[in-house]
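Engineer: Sequence:
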Amino acid sequence: MPDIELETFAISGMTCANCSARIEKELKKQAGVLQATVNLATEKATVQYETPMISTDKLIKSVELIGYGAILDDEYHKQQIKLQKEQEMKKMRRDLWISTALTIPMVLSMILTLAGSHNQFTLFFHQPIVQLIFATPIQFYIGARYYKGAYKAIKAGSPNMDVLVAIGTSAAYFLSIYNGFFAAQKMDLYFESSAVIITLILLGKFLEKKAKSKTSQAIQQLMALQAKKATVLKQGQEMIVPIEDVQLADVIRVRPGEQVPVDGKIFEGQTTLDESMLTGESLPVEKKEMDLVYGGTVNTTGSFLMTTTQIGKNTALSRIVQLVEEAQGSKAPIQAVADNIARIFVPTVLILALLTFLATGIFTGSWETAVIHSVAVLVIACPCALGLATPTAIMVGTGLGAKNGILIRGGSALESAAKITSIILDKTGTITVGKPTVTQFTSLSSQNKEEELLAIFTALERNSEHPLGKSIYQYGRNQAVKELAVTQFQSLTGSGVSGVIDQIQYYIGSQKFASNYVVLPTTVLAQTNRLETDGKTLVYLFNQQKILAFVAIADVVKETATTAIETLRKQHIEVYMLTGDNQRTATFIGEQIGLDQEHIFAEVLPAEKAAKVKQLQKEGKFVAMVGDGINDAPALAQANSGIAMGTGTDIAMEAADITLMNGNLLAISNAIELSNRTMKKIKQNLFWAFIYNVIGIPFAALGYLNPIIAGGAMAFSSVSVLLNSLSLNRIKKTN
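Numbering-wise, our numbering comes out as the position in the sequence shown, counting from 1, plus 649.
Careful, some of the hints might be misleading.
[What the hints assert, rightly or not] Calculated pairs, SDA-like style, for lysine to any residue (alpha carbon to alpha carbon, straight line, at most 20 Å):
no., residue 1, residue 2
1, K707, Q679
2, K674, E654
3, K731, R743
4, K710, T686
5, K1329, G1059
6, K740, G718
7, K1084, N1127
8, K835, I778
9, K1185, T1172
10, K693, I703
The hints are simulated quantities; they were obtained by calculation from the structure and are not laboratory data.
Values in this document were obtained by computation on a predicted structure and should not be read as measured data.
The task is simple: from the sequences and hints, build the whole structure.
Structural biologist: In structure tokens:
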């Protein structure tokens, strides 16, 4: 059986959407490749393939054969890729300065002449030989990148933006040579047009690369959170070691102000941690012995010792970075529209430029004018804006989500979340805290003080492994009760616990267990029955004579649940609750959060959860499922959009489209709002990219656009799309 691998490659040499489409097509042709996606904005290719049918070397070779560069985007090559990009930016900056310095005198001379100034400066720079000397380095040294790109594109049978630029500027350049040196009479020169077009397009590409780096800032910020060193305890000695040398089960000391180096568990000390980089929540989180801590979080108060549980790629931070990178490299379904247009865009523009040349020459009789009009058509056309419209918005949207504790799996997940009409919330762990909590303590003995009875309750449950017992013990600790010694302790499986305190035998257990020893007064039964009707679980403290006290325990509703549901309704989304609890308990919880009876699904078995999602889908609703448990995974997968609470299980998170790292229900509306805003930006980008070409090309063909203006507009159309995407960063959390 072949193994299926998924690898990411850094791609170099792409200039527009046609390039990414060409590489994607070539990769998909390779035997053993199951899926390939090439992202123009991230300049990366993600390939799913079978081994040993094809290897990474063969994939890289296939990209290189069509004229582009590829390198495996892994930890080993990260530094090489970074240096490569830095060198590329350095060369582009240097070339831009050279091109600008050579272009400015020609442009200045042209402007002064148009203004009626005829001096030594303008006369000197209007000489054909002078303009030729200034324009030639721009055309063939600075512009060499476009000639090389055009050659590779034509050779591969997939003309791109480079073809348009190379043909357009060459036409203006060689027409100027003819007019300046071979024409029978003095004619206009267009050296400055070709020079300005190349300079402006290079400036546009430079600004585009700068803007692209900002779209991936979220990834860079997350990666910067990784600690570089750790203080490891070995043989009683503290040693500072590089993070790469930390091993599983190492003992690490973390002092106040330091970053937690890797994932682990505290075994000595207590502290508060700033976990905002994981959850988006600004409030510090208290941590004590046996609590989990995560690499990249910041220790704000006490010093503690931890044992390492995850290192390298397996830490929570590394997994988040990987998930965001995958999301940013993905495509939204809406991008298919732009991809289909991009495939035929350049050939169509070439045909339009040829028709413009012929029509203008025939109708005006001036073939010089025909050349200029066709050059304007070539350089106004911009496939780049189409190619960048969707991926740049996805990069910014998913990055912004990650900074706020919302992990979105990619473009498809973003698009789905923006269409949600109905949400099903699993009760346990989603609407509720997900663990039993004491909601009421009641003393029934006139001979004992309340604090004495609570101290007995707490002492007997000190060593309990039962969730209810743990909740009682935690409640007592929180009330700072006196610690009591217990002897002859017994855990009575299925019933409760017993023990001797101050020579008196005490018991803790259910009503059924208590009835074996004592008679429950009718007044107590009436009170506890009401509590049970409200979905509470009752646990009794008694001796061999009478009931002494009881606690009511429930899985309490999260503080933010009601507000979150109100916010979702304001977004015109229907909210449903789903639970395996009985109808009585479900109704009680539903009333607390303001849900109508018809929006409550009670007594639903785990296997039936996905069926409830299907039921709403059959009614024409676009359904999101929110859950946190293993048994929620089928429903999360069935839903149009699956949303997992990050406080839940890894299986639920794997099945979901969106993961909310902080478990806060308010983040659901934030995630939907972010998706809506991102999709709005994508549609704006696509609209402006389309309308720019639809309006610009006819204007250029009719001679209403000078080639210089056309070149500038083409250069800055891509930048405008990027800036529009980056404006997503101004979105603030609504709560």
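Engineer: Hints first: check each against the structure and report whether it holds.
Structural biologist: Now for the hints, and whether the structure bears them out:
no.	hint	verdict
1	K707 to Q679	holds (9 Å)
2	K674 to E654	holds (19 Å)
3	K731 to R743	holds (18 Å)
4	K710 to T686	holds (17 Å)
5	K1329 to G1059	holds (16 Å)
6	K740 to G718	holds (17 Å)
7	K1084 to N1127	holds (16 Å)
8	K835 to I778	holds (14 Å)
9	K1185 to T1172	holds (18 Å)
10	K693 to I703	holds (19 Å)
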